[in-house]
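With chain W's structure known, arrange chain P on it following the hints.
2 protein chains.
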Amino acid sequence: MKTSVTQLFDIKYPIIQGGMIWISGYKLAAAVSNAGGLGLIGAGSMYPEILREHIQKAKKHTNKPFGVNVPLLYPNIEEIMQVIADEKVKIVFTSAGNPKTWTPFLKENGICVVHVISSVKFALKAQDAGVDAIVAEGFESGGHNSREETTTFTLLPMVKEKINIPLIAAGGIASGRGMLAAMVLGADGVQMGSRFVASLEASAHSNFKQAVVAVQDGDTFLTFKELAPVRLIKNPFFNKLQELYQTNPSKEQLIDFLGRARAKKGMFEGDLIEGELEIGQIAGLIHKVKPVKEIITEIMDDFKKVKQEVGDLNF
Amino acid sequence: MKTSVTQLFDIKYPIIQGGMIWISGYKLAAAVSNAGGLGLIGAGSMYPEILREHIQKAKKHTNKPFGVNVPLLYPNIEEIMQVIADEKVKIVFTSAGNPKTWTPFLKENGICVVHVISSVKFALKAQDAGVDAIVAEGFESGGHNSREETTTFTLLPMVKEKINIPLIAAGGIASGRGMLAAMVLGADGVQMGSRFVASLEASAHSNFKQAVVAVQDGDTFLTFKELAPVRLIKNPFFNKLQELYQTNPSKEQLIDFLGRARAKKGMFEGDLIEGELEIGQIAGLIHKVKPVKEIITEIMDDFKKVKQEVGDLNF
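Going line by line, the protein sequences match chains W and P.
Residue numbers for the first sequence follow our numbering, beginning at 33 and rising by one.
Residue numbers for the second sequence follow our numbering, beginning at 33 and rising by one.
Next up, chain W with everything else stripped away, as it sits in the complex (with noise of 0.2 Å):
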């Protein structure tokens, strides 16, 4: 059996692997693709000909469907969206800016577009702008976020009583029990970003991938919320950005102080105590680095599992 999810892009498992910047190169999204999911090509850290070669090995390195990802605030914007209409790109995924702008363009080039969302107001926004499906995304995601803080367990019922197109659940899933309350919720299909950086096949720095499974709960926290809320595991980085909140200091001193290339520096250099480290709460629930296939298989199990137990609830 199908959700609209799985038959929208022609995928096997509503599973989708969120883009990520400097984790989900192409190496990530074919090895989900070929695991029956859907991989996405995280554009947000890749210049428009480095995507160019990411698209291009993708297309080596699966025959299934796949995607990529763009935040639409992204400086670059129009030669990545000419590079994903050049390289004939059929999923695009966009988070981080007005859906209005770009929908019309893609839509135009046969693309299927899929806003990111956290708030009913965005997601019947996104939906006015003719996107195919959205992604509601909740507050204990990883990176970057939404000023609201509405969490996946209350956003996505709220988010379905007033949709009608396909919904997908982000933030806090990384698991196949996961999988399955977002759907009793109202998702269509999932998407997973942090269970998916702790994979053989995810770009970022193993040290980072070893700070990811040792995250217990409370290990990430939301933080930069006057510029642009992102959350973050407590490394030292962190906490002498908490030392200076304690100063009450102006915006200007919060960008100097977080400076250039953090994300890259942790995340992709693996530098554990200067770098910024983007991870979802969900985290504490995952304790090994594993192939994705194997990611996949178990998820798919465990949801098997969890809904034949629910099954026998009865009152």
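Some clues are possibly wrong.
Copies of one chain are not kept apart here, so a pair can be met inside one copy or by any two copies together.
Stated by the list, open to error - DSBU-like mimics (lysine-lysine), calculated; alpha carbons at most 30 Å apart, straight line:
| # | residue 1 | residue 2 |
| --- | --- | --- |
| 1 | K283 | K337 |
| 2 | K194 | K322 |
| 3 | K320 | K139 |
| 4 | K322 | K96 |
| 5 | K320 | K153 |
| 6 | K44 | K194 |
In short, the hints are calculated from the structure, not lab data.
These numbers were taken from a predicted model, which means no experiment stands behind them.
What follows is chain P alone, placed relative to chain W:
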């Protein structure tokens, strides 16, 4: 069929009505217990003799099990605990304090003890203290909340992995869909607060009940983090507080600004301008004030319907 939670409390449905200051007196608690759930009298806003009166009235209004919720930081805690023992209350939920302090006294009096936590660490502490069950409460819940900011969706499976006593989910649940999702994530039962605020039997002021059903996603926020984090509706009092935050206030200024009896003013006296209005994010899914019996019937109908739907999912 039973869960460990229905067995522990000897109730029909694994639905617990959260103990809430100014909201849950004997009327609400007895109504929930009569409808097959577990009602809790919220001792946090009651002097010891008022609590005694509510317990005695609850006994008159229901012959089903009910309980009392006690915030352990309550100033008259010793008198409160004595009233509970004198009145032979059978079930006590404790929160906001160390479970080791009062669990032995309660257990010696033959009382079933449940402790509210919001992290794995405190779940283990409570289990070690000998409590009979745990409530795991997520970031989305209304009123007082933890500094870890862990959401229901991620907290439940992380706690479930580590404890072996019954687990009750709280925060973000107001429907059968939410109840089933919580059970998929590992809960044996659910505690709902916000949904029961918008009930006929709640002692909340009708202005507050109307404010709750008017809430949409993004209308609540966790604030007063320097004192004790609390989730409030963004009303004029909240907005003034955010203005104060722009001036980098000291703790003393915040305490002064909060003043006394703000929660009573807002929730019990119905002052929507100057009062503190505590409610959870899921209020965005609550659209009508209803009698308790109707609420519970709807939740169970929804639970069964969604369980049937997900039972049909196959990959």
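Comparing the hints with the structure gives:
In the homo-oligomer, the alpha carbons of K283 and K337 never lie at most 30 Å apart, since the shortest distance is 49 Å inside one protomer and 50 Å across protomers. Taking identical chains as interchangeable, the C-alpha atoms of K194 and K322 lie at most 30 Å apart only when they sit on different chains, with a minimum of 22 Å there against 37 Å within one chain. Proximity of K320 to K139 under the C-alpha cut-off of 30 Å is found in neither arrangement, the shortest distances being 39 Å within a copy and 40 Å between copies. Proximity of K322 and K96 under a CA criterion of 30 Å is satisfied intra-copy only: 21 Å inside one chain copy versus 50 Å between copies.
With identical chains, the CA atoms of K320 and K153 are at most 30 Å apart between copies only, with a shortest distance of 21 Å across copies and 37 Å within one. For a Cα distance limit of 30 Å, the shortest separation of K44 from K194 inside one copy, 27 Å, qualifies, whereas the shortest one across copies, 33 Å, does not.
In summary, the structure is inconsistent with hints 1 and 3 from the numbered list given earlier, while agreeing with the others.
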